[in-house]
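A.B. asks: I would like the entire structure built from these sequences, with the hints used as guidance.
Note that the sequence shown covers residues 0 to 205 in numbering that gives the first Met the number 0.
No lab work stands behind these hints, which were simulated from the structure alone. A few of these clues could be false.
Taking lysine-lysine pairs in the BS3-like style, the calculated list, with each CA pair at most 30 angstroms apart, reads [as the list claims (entries may be wrong)]:
{"hint": "1", "residue 1": "Lys53", "residue 2": "Lys72"}
{"hint": "2", "residue 1": "Lys53", "residue 2": "Lys181"}
{"hint": "3", "residue 1": "Lys181", "residue 2": "Lys200"}
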Amino acid sequence: MSLRSTEQAIATLGEYASKYAYPIETAMIEGGIETPLEKAHFVAQLGHESSGFKRLSENLNYSEDRLEAVFSKYFPTQAERRKFAHNPVMIANRVYANRIGNADEASCDGWRYRGRGFVQLTGRANYREASYDLFGDASVLLNDPDLAMEPLIAARVAVWFWRKKHIGAYALADDLEGVTRKVNGALNGLDDRREWLRKTKRAFSV
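C.D. replies: In structure tokens form, the structure reads like this:
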């Protein structure tokens, strides 16, 4: 499948996907994602993780109820949930403190290195590693984490993540659950991922 025809395949997924068709396909070519089946799985996961290619930055605008449902470990009391609700900066700094390479809550690392890009690159350690592997310089994304939202860089980070986690083998086996566990760590959003895969398989004529 040529570059042009693959761009067209991605563009059939809708207006938002069409906007990113060229950078995504460019990164796929660079990273050796070549078969229609692997492309379908890759693009399907990006579609889910980016809320239908509408969001390249993590949505942390949680209500009290959502904080209780999703992050009760970090907000065990109603008073805390009320204090943090609808404050994405405070939520990120609490939830991501002292892990994935971040310093404590007061450092603001949680917000600075919140999820960005098509696969929601998160945490100082992951920004450092992606930056080193993609740019040969760990400081590039650390100093300017918003670069991870630029379309071509976001696509290259997604391919880097896909290769780093060896997800291609699961995709080539058409193992959606295996792919999802590697991307997500669990099976969150599996039904939506399955629907995206149905659409991407049709787009790539799988």
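A.B. asks: Hint numbers the structure violates, sorted upward?
C.D. replies: Violated: none.
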